[in-house]
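So the protein lines, in turn, are chains C and V. Here the working numbering is used: the first residue of the first sequence is 11, the next is one more, and so on. Here the working numbering is used: the first residue of the second sequence is 190, the next is one more, and so on.
Be careful, since some hints might not be right.
Said to hold, decoys possible - Chain C is nowhere near these chain V residues, computed Cβ spacing over 10 Å in every case: (1) 208; (2) 355; (3) 402; (4) 406; (5) 441; (6) 458.
What the hints assert, rightly or not - With a cut-off of at most 27 Å between alpha-carbon atoms, the simulated DSSO-like pairs for lysine-lysine come out as follows: (7) C:368 to C:441; (8) C:149 to C:441; (9) V:507 to V:607; (10) C:274 to C:149; (11) V:549 to C:441; (12) C:341 to V:607; (13) C:237 to C:341; (14) C:274 to V:549; (15) C:237 to C:149.
In short, the hints are calculated from the structure, not lab data. From a predicted model like this one, the values you see are computed outputs, not experimental measurements. We put the beta carbon where it would ideally sit given N, CA and C, even for glycine.
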Amino acid sequence: MSDIGFVRTEMLPEREPPASTTGALGWARANLFSNWFNSILTLASLYAIYAILSAILPWVFSPTWNGTSLNNCREILTAAGSVGDHGTSGACWGVIRERWIQLLFGFYPSELYWRPILAFVLLAVALAPVLFADKVPSKMLIFSGLYPFIFPWLLWGGTIWGPVAALGGFVIGWVVYSAASKTMSSLMGILLGAAAALVWWFVLSGYFVGALDSILPIGIEAVESRKFGGFMLSITIGVVAIACSLPLGIVLALGRQSDLMIVKYICVGFIEFIRGVPLITLLFVASTLLNIFMPPGTNFDIILRVLIMVTLFAAAYMAEVIRGGLAALPKGQYEGADSLGLNYWQAQRLIIMPQALKISIPGIVSTFIGVFKDTTLVSIIGLLDPLGLSNAIRADANWNGVVWELYGFIALLFFVFCFGMSRYSMYLERKLHTGHR
Amino acid sequence: MTTLTDPPKEQFRLSMLLYDTRYRSATIQVIAMICFMLMAAWLISNTAQNLAALGKPIDFGFFSEPASYDINQRLLDYSSRDTHLRAAFIGLLNTLVVAVLGCITATILGVIIGVLRLSNNWIVARLMTFYVEGFRNVPVLLWIVFIMAILIETLPAPRAFRGDNATASMMLGDSVAVTNRGVYVPEALFSNSLGNIHLFGESSLRFDISLDLMLILIVLGGGLWVANLLRKRADRIQEQTGDRPVTWWQRLAVVVIPTGLVLVLLGFHFGYPELKGFNFQGGTHLRNSLIALWLALSLYTAAFIAEIVRAGILAISKGQTEAASALGLRSNKIMSLVILPQALRVIIPPLISNYLNLTKNSSLAIAVGYMDITGTLGGITMNQTGRELETILLLMLVYLTISLSISAVMNWYNESVKLKER
């Protein structure tokens, strides 16, 4: 037998990993300098970061918070000694200090600022049971249902009987529907209910509001639409468009998926038409043509017209998002609903829509982000959204020539809103991902 | 004995229209149709009444009236004495120019950024994430006016290029001048030019086609076709014998030599921009409005395309790469034969919709004064003639046509790369 010279009988102690693979050095080697190409990329990016920051930071940190006009800012900068090749270099933040409230609220009366603020706080409350369904009691949904009537009342003010009458239309429609669907068919119920609600809104509600207002004048001060502006206007348009486009989008999506040929073609035509034209042409329609399409003598408010067109625009995109959700549902769900003997609307209400909407929430949020960003387009037809206001501010002799500060501030606010929403939608996607597949 | 009776014959009753599922769908469709018709009739009658009250019935006669406004950035000849139709046509071409340029640069940028975002280089990946989030979350209109402001405010004026102690200088060997009035780039000139073909005579849609350009394109296309034949021949030889002949220099030669020859024969040279008086003369002048719109649309859309590309690459499971390398493919072959064909299927449909978005967003040109179809037909022509209905409906029709044609072409392409399933 050959004798084996050495057999290790005890375990060696663990050795430290090589110094070049641990700690900051190891991390940098693995993530920044793993090969020559990565090293070049790293150095180039570091240089780019340095170049951008060295250009922007001295400009951002400029002691002009209290400047009262652009010339005043330049004096402050000259006194501070920051003079570059092309005159003074540095931001003039005085314009933001003086005008930030205008960029937020436009020309809304300053003593009434609490109303939009309250409206947006209540919006968060109303949205909570929808957005964070697992953390908030579902009883809150009642408030969410009432909120669409509170929101315009708080913003535009006027008598309280207007929103009450609008709500009344839904109640009447519902009562007629349930009565008719018990005695006749559900289709008859839908038709009669819709007819009753329409009759109420277009014929009777005017008398109702007038009568009650003369008996019980409860109301808050009315604010004209042309005083709306700034981010308040953007958020208002975005929120109203999304809220109204959701039911419209559901109907359009169902229409597009349906077997009824004529209904399907009407829906497809509408969706493809709206998606095929730019929003700006629809806004042109709002600003010039919508009055021509209405009965002679109608003349309604420009913001309302814009809201209608943006809602139609959002509805077409929403319909496609919801159609995606419907298509993503397994066919077994439809067949399961059929086998339980549910009719079309029962199946939609109890089985299909809850799941399809849940799947499409991320898409809905990104549609909302898109619509919210697109609200800047209303500045082209002369409404005072933040971008339109920035032009109005530059028209002031004190601030003539201020560009970067205003655009930077507006961009920052948009970024905060949209980034927050996109993070929320990613959180939802992660959360929803666990349930399916 | 029992007699067989016929089963009770069902008689059609009116209520069956509602209660019988066989007839109900027809009922609903008829009701929908009637509602739709009523709605349309209501809108049309309102419009007719309103237009009659305003005293301007629908009339496209304004198209043949002189436009009497100028379009400074244009592809074809145009003067303010030309008709509104000509102005709209020039505007349409401008829209197409910025859309095509934007789609190309946005795709290139988007692919690069999307791939870099997946890089294992920490700092590059973070930087690209910053880019994507920064551009996606700020409205495109803001980017357009922002970039316009950058161009106007930070670039040197033409006079900075003058004199011995000039503060600015031209780039790329004195051929490109970047000024706050726009970018001047060299133009292609032919000293032995073949001239132009004039299409459509003197009408508003007159169109010149440069024979030089046509000849070059034909020769280039022929070269590419021959090169493709050579590649196919090499493939065939490789399949038969296992050895691939080296053809890259042949393929390069059949493309480059004839094209070069034609260029020399035509007397191709560049016309360089030169500072004369207060401004640059010669060369091609790309105005700030075009550059700002082009840059903003490309940068903005590139952020979206980057996300699409990233998602497309991530959608291909790692097993595909591993299986391909187990088969012995090299990494570039893995990319072109295995990963890309599958990733493209995921990438193309959203890419189409982003091209569409870019084209539609190009209508924001109106914010910086670039005269695209919105600026001409939906802008000045509308304001001058007061024909809102005609101009806006026509404008929508034009965009609808462009959108539908892009999606038709892209769907056709999508169909051709789709998985061929049974």
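Right, here's what the structure says about each hint:
With a least CB separation of 6 Å from chain C, residue 208 of chain V falls inside the 10 Å interface cut-off, contrary to its annotation. Non-interface call for residue 355 of chain V relative to chain C: holds, since the shortest CB-CB distance, roughly 14 Å, exceeds 10 Å. For residue 402 of chain V, the shortest C-beta to C-beta distance to chain C comes to about 31 Å, beyond the 10 Å cut-off, and the non-interface label holds. With a cut of 10 Å on Cβ distances, residue 406 of chain V stays outside the contact zone with chain C, its closest approach being about 31 Å.
Listed as outside the interface, residue 441 of chain V is consistent with that label: its C-beta sits roughly 26 Å from the nearest C-beta of chain C, beyond the 10 Å cut-off. Residue 458 of chain V, annotated as away from the interface, keeps every beta carbon of chain C farther than 10 Å; the closest lies near 36 Å. The suggested pairing of residue 368 of chain C with residue 441 of chain C holds, with an alpha-carbon distance near 11 Å, which does not exceed 27 Å. Among the hinted pairs, residue 149 of chain C with residue 441 of chain C is consistent with the structure: their alpha-carbon atoms are about 22 Å apart, no more than 27 Å.
A threshold of 27 Å between alpha carbons decides the hint, and for residue 507 of chain V with residue 607 of chain V the separation of about 21 Å falls inside it, so the pair holds. Distance hint between residue 274 of chain C and residue 149 of chain C is unfulfilled; the C-alpha atoms sit about 36 Å from each other, more than 27 Å. Taken as a hint, the residue 549 of chain V and residue 441 of chain C pair is broken in the structure, with Cα atoms around 34 Å apart against an allowance of 27 Å. Simply put, residue 341 of chain C and residue 607 of chain V have alpha-carbon atoms about 23 Å apart, close enough for the 27 Å limit, and the pair holds.
This hinted pair does not check out: residue 237 of chain C and residue 341 of chain C have alpha carbons roughly 51 Å apart, beyond 27 Å. Restraint check for residue 274 of chain C and residue 549 of chain V: the C-alpha separation of about 25 Å stays at or below 27 Å, so the hint holds. Taking the CA atoms of residue 237 of chain C and residue 149 of chain C, the gap is about 36 Å. The hint is violated against a cut of 27 Å.
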